[in-house]
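*Asks:* In the order they appear, the protein sequences are chains A and B. Take 1 as the starting number for the first sequence in my numbering and just add one per residue. Take 1 as the starting number for the second sequence in my numbering and just add one per residue.
Do not take every clue at face value.
Said to hold, decoys possible - Label pairs and their computed distance ranges (CB to CB):
1) Asp373/A with Gly165/B: 56 to 62 Å
2) Val193/B with Glu60/A: 33 to 39 Å
3) Val207/A with Ala61/B: 46 to 52 Å
4) Asp70/B with Gly109/A: 26 to 32 Å
5) Val221/A with Glu294/B: 33 to 39 Å
Said to hold, decoys possible - Just some of the chain A residues that point at chain B, by a computed CB distance under 7 Å:
6) Ala3
7) Pro23
8) Gly91
9) Thr230
10) Ser234
11) Gly298
12) Phe315
13) Gly324
14) Gln381
In case anyone wonders, no lab produced these hints; they're calculated from the structure. All C-beta atoms, glycine included, are put in the ideal place defined by N, C-alpha and C.
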Amino acid sequence: MIADAWRELGDGVKPLSNAAGLPLARTVKLVLDPLIVRPAQHPHLGHALLTAEQAVELRERIIGATGDLGATAGWFILLKRRRRERGITSGNPQDLYFQKAYELARTEGTAGHNVQRVLDAALDEVHHSGRVTAADLREYVTMPAVAERARQQIDDAWESTVTGETPEPEPFATAVVDELADGVGFEAFDELVSAWAGSASGRALVVRGAARDAGMSEREVPVRPEVGETAAKSGLPAPFDRSLLERLFQQVSSLGISGTSAIADLVGSEARRSAQPWQLGEEPCRVVMASAAAAVGGEGAAAARLDDRWRREAFVRYALRTPGTTDPRGGAREAVLRRLWARLQGRELRRMHVDATEAWDLIDGATRSVILDRRDAAKAQMGRAA
Amino acid sequence: MSVRIGAPRPPAWLAAVFEGAGAVLWWHAETGKAGAEIWDAPRAAGWIDEVWSGASAAILAEGDAPGVSDRTGPLERFARQAALAAWRAAWWPASNSAHIAPLDPRILAAERLLALAGLDGAIDDDNAVRRAAQHLSEQTRAVGSLDEHGLGLDDAARLAQLVSGRQDGDRCRFVLEAVTEIADDHGVDLPRVVARTRSDYALAASGPAVGAALLAGSDPVDPGAVPQGVVDPFARIEWRVTTTLTIEVSVPAAPLFDDVAPDRIELRAQIAGTEIALDRAGDVWVGNGPAPAELIALPPEHRTARLRATGFAPIDGVDVDTLRRIARGL
Chain A
1 MIADAWRELG DGVKPLSNAA GLPLARTVKL VLDPLIVRPA QHPHLGHALL TAEQAVELRE
61 RIIGATGDLG ATAGWFILLK RRRRERGITS GNPQDLYFQK AYELARTEGT AGHNVQRVLD
121 AALDEVHHSG RVTAADLREY VTMPAVAERA RQQIDDAWES TVTGETPEPE PFATAVVDEL
181 ADGVGFEAFD ELVSAWAGSA SGRALVVRGA ARDAGMSERE VPVRPEVGET AAKSGLPAPF
241 DRSLLERLFQ QVSSLGISGT SAIADLVGSE ARRSAQPWQL GEEPCRVVMA SAAAAVGGEG
301 AAAARLDDRW RREAFVRYAL RTPGTTDPRG GAREAVLRRL WARLQGRELR RMHVDATEAW
361 DLIDGATRSV ILDRRDAAKA QMGRAA
Chain B
1 MSVRIGAPRP PAWLAAVFEG AGAVLWWHAE TGKAGAEIWD APRAAGWIDE VWSGASAAIL
61 AEGDAPGVSD RTGPLERFAR QAALAAWRAA WWPASNSAHI APLDPRILAA ERLLALAGLD
121 GAIDDDNAVR RAAQHLSEQT RAVGSLDEHG LGLDDAARLA QLVSGRQDGD RCRFVLEAVT
181 EIADDHGVDL PRVVARTRSD YALAASGPAV GAALLAGSDP VDPGAVPQGV VDPFARIEWR
241 VTTTLTIEVS VPAAPLFDDV APDRIELRAQ IAGTEIALDR AGDVWVGNGP APAELIALPP
301 EHRTARLRAT GFAPIDGVDV DTLRRIARGL
């Protein structure tokens, strides 16, 4: 559907299209979905299979944005050109400028002549040097007074929300994730959200060994996080064992915040998040985690789809002549859940709400991401064997 | 749950594969016959008709493996070339003995980058283009920048088919500029690297000293036992036991593109179960070790030689003559 409507936009959106004139992956992810189709506001348009009526509506939304999308393409080209002139090399231009180009299209219309000032202002904003970086964050949270306050915030949050009771683990409705895997079940997902089923599943992780089984902790029972003094991308602990600094340092520079009060807010909200079920702040995110825990290694249709991924991976590895001697699937369940948790936490930090239509893509995407990383690691391992 | 269309999936070592969003496509490396496994029909429906016209209808038919249409769409070339570039990177049987020259890894990487960029939005990995650009960047650092001279007219003509836009001037330059532009779009800088001083591998060739042997034997290399670019797939593993009860082993190495230092691989020969570590010395792998007395007592048919690479699971059934035919385009 999207493909057909997109084609009607013509050559004006070529910079946002592939060789067949279809939208690029990031055109869909950063522009079409969140800014034009907006399934969060129009959930009926987020379905994989649309009714004729919904298809017409979707097409109208896309065609209705023809002017904006053409202007977005124009601004994107100009931003890239100006980036090169200024010798900027950091980041991925599509990731950094697609939404900015759309914003300019909406505020400035089609790019005309003499737009250098606008372009420079946009680039300055995207690459703004005043933004809080990982180093700024580390420096901040290691100041004794700040660390003490953050410690107190963690303690307050944990004491007010963690009851110490050991709840009975409730069986999670795996039927819902099986439906999500088939592109349906959105209403059932929403019902789970309303019923706080994700929270119930998250609270059950305090049972001895449960958080470890879910890949969330190396401990039998998770403990309050530290504030943290150091953080490195490699060798990050399991999600619940990460310090606040380790939970925030990779994301902070892309959040676009500046000033110490913004960092203080960020640290405070992470302290509160750490005391929530699944250590996530939003119920839909918790339901996604619970769904994934049920699907990965389960027995239903969702599990079968994920198993199919691993079966294809075995074939592709042989086709690419990179079969390792270790089982590529060893420990994959925990790895997938950890990857998913990090993505959901990242969404929460960006205040990007998760809805039912995205749930399966998030679970499937985390699995795919783990598969690709393990393929790369197997290749690197072979080269390092000596 | 999934639907297969077109030709059956070949054995992995003959499969050129493109991993699309919702569908894995394959081309038989020798026959070119195409097929696919559609594992998420709604996702694949967004693009697969651009590869094979009417493929979506074939998916919906859900009958017995419907065929793949001969009418190809604009993405077919991109998917096929991405798949074949990956196959050549994995399976190209570079060999001194069979006179099959190694391929330029930068051209393979550039071809894959251009093809995947054309497929952006239809790939089962939103970061595939960036990964391909990073791979080309790594190859560039290892071998040197790809320039008009390195690309050559034939490769440029093939790669130019993956680039849209007017091609008035120098085709090589046109292709190289497109490659740089795509890498740049994904935040990957292709460094300008002058070709490095070559390793002395080609010059340092040496084999085991020739002397009296108590016992000797040889077996053909199994290309499925080792990663790409390690040994000459058409060669034999030669071994002998000296009068001092030492096993000496030698295997011709795979020729290296531009004699650039190869990846380090831990390679061992197993002679009737006795493991001998091998080192690459020029264009041959050599090694020696004590020969157990039992070896000499073994009947000849049990004195077989095979190779093993650490961290690599052998791939069964690889036929070296088929690889030769593919490489020679027969």
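*Asks:* Hint by hint, note whether the structure agrees.
*Replies:* Results of checking the hints against the structure:
1. Asp373/A with Gly165/B: 56 to 62 Å: Cβ of aspartate 373/A to Cβ of glycine 165/B: about 35 Å, so the range 56 to 62 Å is violated.
2. Val193/B with Glu60/A: 33 to 39 Å: Distance hint for valine 193/B, glutamate 60/A is violated at roughly 51 Å.
3. Val207/A with Ala61/B: 46 to 52 Å: 49 Å, holds
4. Asp70/B with Gly109/A: 26 to 32 Å: 46 Å, violated
5. Val221/A with Glu294/B: 33 to 39 Å: At 56 Å between Cβs, range violated.
6. Ala3: 5 Å, holds
7. Pro23: 5 Å, holds
8. Gly91: Since the shortest Cβ distance to chain B is 5 Å, the answer is holds.
9. Thr230: Violated - the Cβ of threonine 230/A stays beyond 7 Å from chain B, reaching only about 27 Å at its closest.
10. Ser234: This interface hint is violated because 18 Å lies over the 7 Å limit.
11. Gly298: 15 Å, violated
12. Phe315: Check passed: Cβ of phenylalanine 315/A comes within 6 Å of chain B, closer than 7 Å.
13. Gly324: 6 Å, holds
14. Gln381: Result: holds, 5 Å to nearest chain B Cβ.
Hint violations for this structure: numbers 1, 2, 4, 5, 9, 10 and 11, all remaining hints satisfied.
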